[in-house]
Amino acid sequence: MPGKWDWLKDEMGGVSKITKFSTVMKFLKGRVSGPDDMTKCAMCPNMCRHACPISIVDGKETTSPAGKSRVGMMVDHDVLPMDEENLYPMLMCLSCGCCERWCPFDFSVSDILRAEKEKGVEEGVIFEEFQEMFDNLGNYGLVQGEIKKKKSYPNQGDVLYLRGCEFRGDDEKVIGKTMGAFEKLGLDAFVLSDEECCGIPAYNAGNTQLFKKLARKMAKRINDSGAEKVITSCPSCAYAYRKLYPEFGLDIDVEVLHIVEYLEQKKDILGKKKGTVTFHDPCKLVNGLENKKGMKDVLEKIGLNVKVPRRSGEKTFCCGYGGSTVCRLNEYLSSKISEERLDELSSLSDKIITSCPTCKKAFEENGNLKVYDIGELLYELL
Amino acid sequence: MVPEEFEKKRNAGKVNRVIDKITRLLGCDKISTRKVDLLSYSHDYWPISLHWMLEDRYPSLPHAVIWPESKKDVKEVVKWCYKGNVPIYPYGGGSGVLGATVPERGGVVVDLKRIRSLKIHDKDLLVEAGSGLNGYYLEDELNDKGYTMGNIPQSLYPSTVGGWVSTKALGQFSTKYGGIEDMLKGIEMVIPPGGELCLKPHARTSTGPDLRKLFLGSEGALGIMTKGWFKIWPKPEKRIKLSFASDTLEDAVESVRKVMREGAEPAVIRIYDKIETKRHFYDYDEIFGKVATVMVIEGNEKITQAEKKIVKEEFIGTEMGGKPVDHWLETRFNVKEAAEFVPMGVVFDTIEVAVNWSKAMDLYRNVVDAIKPIKGVLFASAHASHFYPQGICFYFTFAGTTPRKKDAEEFYQQVWKAAMEAVLDSGGTISHHHGIGRQRRDWMEQELGEAYSTLKAIKERLDKKRIMNPGNMGL
Ligand SMILES: Cc1cc2nc3c(=O)[nH]c(=O)nc-3n(C[C@H](O)[C@H](O)[C@H](O)COP(=O)(O)OP(=O)(O)OC[C@H]3O[C@@H](n4cnc5c(N)ncnc54)[C@H](O)[C@@H]3O)c2cc1C
Ligand code: SF4
Ligand code: SF4
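Chains A and B, in that order, are what the protein sequence lines are. Using the numbering used here, the letters of the first sequence correspond one by one to residues 38 to 419. Using the numbering used here, the letters of the second sequence correspond one by one to residues 48 to 522.
Just so you know, these hints were derived from the structure itself, not from any lab. There may be inaccurate statements among the hints.
Residues of chain A clear of chain B, computed beta-carbon distances all greater than 12 Å [to be verified]: (1) Lys-63; (2) Asp-73; (3) Lys-105; (4) His-114; (5) Leu-117; (6) Tyr-177; (7) Gly-178; (8) Lys-398; (9) Asn-405.
Here are the computed lysine-lysine pairs in the DSSO-like style, where the Cα-Cα straight-line distance is at most 30 Å [said to hold, decoys possible]: (10) Lys-46(A) / Lys-210(A); (11) Lys-82(B) / Lys-512(B); (12) Lys-82(B) / Lys-46(A); (13) Lys-344(A) / Lys-192(B); (14) Lys-68(B) / Lys-373(A); (15) Lys-156(A) / Lys-82(B); (16) Lys-419(B) / Lys-46(A).
Here the structure is a predicted model, which is why all the values come from computation and not from measurement. Even glycine gets a Cβ: it sits at the ideal position worked out from N, Cα and C.
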């Protein structure tokens with residue numbers, strides 16, 4: 038069978054050798070790798086623009102997927118200096134990975150721009166809005182800072198429930214209900230009293246050193262906990278523990294699952310109460326953890342009548358608060374994205390389910406509906 | 048580095064006064080003079096402007112970029128720019144391939160993407176869309192509700208509804224659903240010196256010359272489109288996939304001519320010449336070395352069956368089943384080559400033209416023969432992508448590496464010149480759907496003859512100060 042580029046080699050066979058010809062030939066023969074990823078992305082006509090929540094709602098070329106790479110390229114080429122004004126558009130990224138699903142190169146712009154973000158931090162271009170987060174993470178291991186009142190939960194058992202910053206800092210009630218749901222499901226769940234952030238907010242903002250520091254701590258604590266399994270409420274935490282930590286040489290010895298993945302594995306979880314709901318698939322569940330089906334099947338398994346949004350599963354759309362950077366630098370844009378998503382969801386049902394603490398927060402701050410985390414929904418239905 | 052001229056331009060007093068006024072009226076969030084934004088709007092997908100970017104050259108910079116959110120905002124922008132004589136470049140998705148948004152004379156780029164309302168009128172089978180609405184967003188929303196507009200250009204993902212109308216675009220399924228001109232039923236425009244007009248979406252109207260047509264393909268030179276009403280269809284109930292391998296391009300082209308003459312309208316028909324067949328179907332042994340044709344027939348069950356029968360009766364070639372069509376469907380948005388090859392110094396572009404059946408094969412041969420011998424050209428090929436009872440669109444692709452002692456732009460223009468002359472000499476039209484922009488403007492006079500003066504007169508009447516996309520299409 039002919040190879041991908043044989044037709045071109047055939048055509049080029051008849052052409053006399055000219056400048057740059059040999060580079061092309063070497064590329065076709067696989068001997069050189071071609072342009073770097075950021076340049077390729079910068080030269081793309083934005084073939085994932087339609088999936089990028091920032092691009093759809095903000096509408097700017099500068100913050101479009103390829104647009105961000107073009108800014109990265111301009112900074113790299115010294116056309117623009119590395120400063121707040123020029124780093125800012127590159128940080129207008131929700132790290133949602135929605136671009137990757139459509140990218141012919143399988144790129145995610147948030148990965149493409151990692152080096153630029155890191156360079157920003159290294160060169161001391163740190164936004165005031167991030168400094169507080171970095172300080173809180175460094176000092177308290179929690180995005181929001183010190184928790185005044187801590188509720189106590191069992192700290193020994195089989196299944197380690199990692200609650201994540203958002204619930205620990207802002208929505209304690211959901212933790213109680215999720216623990217209650219685990220009990221109803223027959224799990225012997227416990228928490229880490231010294232749980233800290235998984236580090237992903239620092240990673241998203243380009244502070245890899247801080248991320249590594251937090252990751253080392255959490256990897257040790259999880260591995261020392263004696264748990265047989267880890268379940269998280271936050272898909273970003275599960276993503277960090279399962280996918281990111283190993284990239285930095287930190288392996289978690291036990292299985293790490295997001296709560297939806299755990300429920301997927303369970304055969305029978307029929308709820309006692311019925312009802313109609315719609316849902317929001319968190320980006321990190323679908324794109325990060327590559328759970329392409331999202332939450333639909335699990336909700337149906339509980340016995341609910343599920344209204345499926347146009348943008349669900351691998352076509353999901355970010356809640357607006359993903360990625361730690363946009364919601365800090367441009368709250369207005371984050372809210373607009375939440376509203377766009379809420380318009381879609383609330384046209385289907387007034388009961389919205391999600392499975393990410395950040396998404397729940399985004400929707401509740403930007404709409405009038407109560408949004409259920411799957412943990413608290415289970416607690417009420419089982 | 049950014050040319051010094053950039054700073055000079057930025058300080059031009061009069062333009063700045065207009066920018067200040069618009070900033071006061073619209074608010075800071077809708078306008079920017081930040082360097083990073085100006086650079087980001089200095090190009091579209093015209094290979095020349097991509098080449099500038101790769102070489103860190105930014106010769107065409109606007110003074111400001113504006114993101115209006117309503118018709119009212121657009122009216123203010125046009126009004127104050129007209130007063131202050133400041134050029135306006137309307138901008139949709141920037142996927143245009145001919146430099147039609149390149150702000151060559153400074154001024155303001157007006158990005159319409161925040162004007163993106165969408166309303167379906169079920170009983171009237173119409174969709175009402177803001178001009179900045181993303182193409183995929185529109186089609187996906189329609190599909191979700193049980194409709195299609197049927198306009199699926201390869202740039203569906205990055206482009207906008209306003210861009211489609213302004214370039215007179217069309218999609219891969221055009222042989223059934225038509226081009227955007229067949230879909231546009233009503234249009235709302237803001238025109239210089241700041242007024243507006245609305246042509247309502249009647250089923251049909253006989254009220255003087257059809258002014259909607261005036262704005263179709265006007266490429267931002269006559270005003271800014273803010274809204275459009277488009278024909279939609281219930282989602283097709285049946286889809287049939289057919290493919291053929293023919294010995295020659297002539298056989299395949301002649302087959303489709305007959306199919307069209309019989310009145311069958313497969314939504315998608317694409318005939319690839321031998322080079323492009325090898326390029327797209329390299330892992331199909333039976334097709335490699337032949338001329339591949341893929342077809343999608345869709346719509347009402349009974350009608351599609353009748354169309355399939357006509358196609359099978361008329362086609363000269365071996366039937367290859369649905370697999371090659373699936374392959375085409377899966378890969379049709381894989382736009383990679385420019386990003387992969389252009390940074391390595393390859394000069395690459397596509398040129399789409401149309402011609403009536405009687406001259407079709409001559410035009411194909413003449414264009415390939417004109418491009419291929421040019422020193423530096425690596426290949427020239429084509430596929431036929433859109434069909435009519437009267438004729439055909441050929442979509443040529445060429446790639447080359449700049450010969451020594453030549454500059455890349457010079458080489459690129461040499462190929463274009465050869466192609467355009469061959470098209471005109473062969474009795475074709477210089478553009479089938481990409482439009483004119485800044486790349487094709489030099490051939491407008493030859494293409495339109497006296498009618499070009501009429502177009503200029505219309506421009507003069509509507510936009511005396513020539514603030515709307517000056518220089519584009521040579522206007
Ligand atoms: C990979 C790729 C594939 C393509 N495939 C196709 C295809 O299959 N079919 C096809 O027809 N074209 C195709 N094109 C060309 C291009 O996508 C189309 O011309 C498209 O219609 C441009 O839309 P846009 O929103 O990107 O417009 P832009 O590129 O932003 O603008 C194009 C022109 O329209 C004007 N304009 C834009 N919006 C408005 C408005 N609201 N009011 C007034 N003027 C406005 C601009 O000033 C400019 O003159 C392709 C391009 C690429 C890069
Ligand atoms: S991520 Fe991929 S599809 Fe998106 S702009 Fe970059 S190269 Fe294009
Ligand atoms: S990761 Fe998300 S926000 Fe960032 S460019 Fe991709 S789609 Fe857009």
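- Task: Decide if the proposed pair is consistent with the structure: Lys-156(A) and Lys-82(B), CA atoms, cutoff 30 Å inclusive.
- Result: holds, 20 Å
- Once the closest CB in chain B is found, is it more than 12 Å from Lys-105(A)? Non-interface label on Lys-105(A) violated, nearest chain B Cβ at 10 Å vs cutoff 12 Å.
- Verdict on Asp-73(A) as a residue remote from chain B, using beta-carbon distances over 12 Å: violated, 9 Å
- Over 12 Å to the closest beta carbon of chain B is the bar; see if Gly-178(A) clears it. Answer for Gly-178(A): holds, closest chain B Cβ roughly 35 Å.
- For the pair supplied as a hint, Lys-82(B) and Lys-512(B), confirm whether the alpha-carbon distance does not exceed 30 Å. With a Cα-Cα distance of about 27 Å, the restraint between Lys-82(B) and Lys-512(B) holds, given a limit of 30 Å.
- Message: According to the definition I'm using, a residue is off the interface if its beta carbon is farther than 12 Å from all beta carbons of the partner; does Asn-405(A) meet that for chain B?
- Response: Fine: 22 Å to the nearest Cβ keeps Asn-405(A) off the interface.
- Pair hint outcome, Lys-46(A) versus Lys-210(A) [Cα-Cα no greater than 30 Å]: violated, 65 Å
- Assertion that Lys-63(A) lies farther than 12 Å from chain B (Cβ): violated, 10 Å
- Query: For His-114(A), which was marked as not at the interface, is the minimum beta-carbon distance to chain B over 12 Å?
  - Reply: Per Cβ check, His-114(A) is inside 12 Å of chain B; nearest 5 Å; violated.
- Taking only the CA atoms, is the gap from Lys-82(B) to Lys-46(A) under or equal to 30 Å? violated, 42 Å
- Would you mind confirming whether the straight-line C-alpha gap from Lys-68(B) to Lys-373(A) stays at or under 30 Å? The given pair, whose Cα atoms are some 26 Å apart, holds under the 30 Å limit.
- Message: Check whether the Cα positions of Lys-419(B) and Lys-46(A) lie no farther apart than 30 Å.
- Response: Within the cut-off at roughly 15 Å; holds.
Hints 1, 2, 3, 4, 5, 10, 12, counting from the list given before, are not met by this structure.
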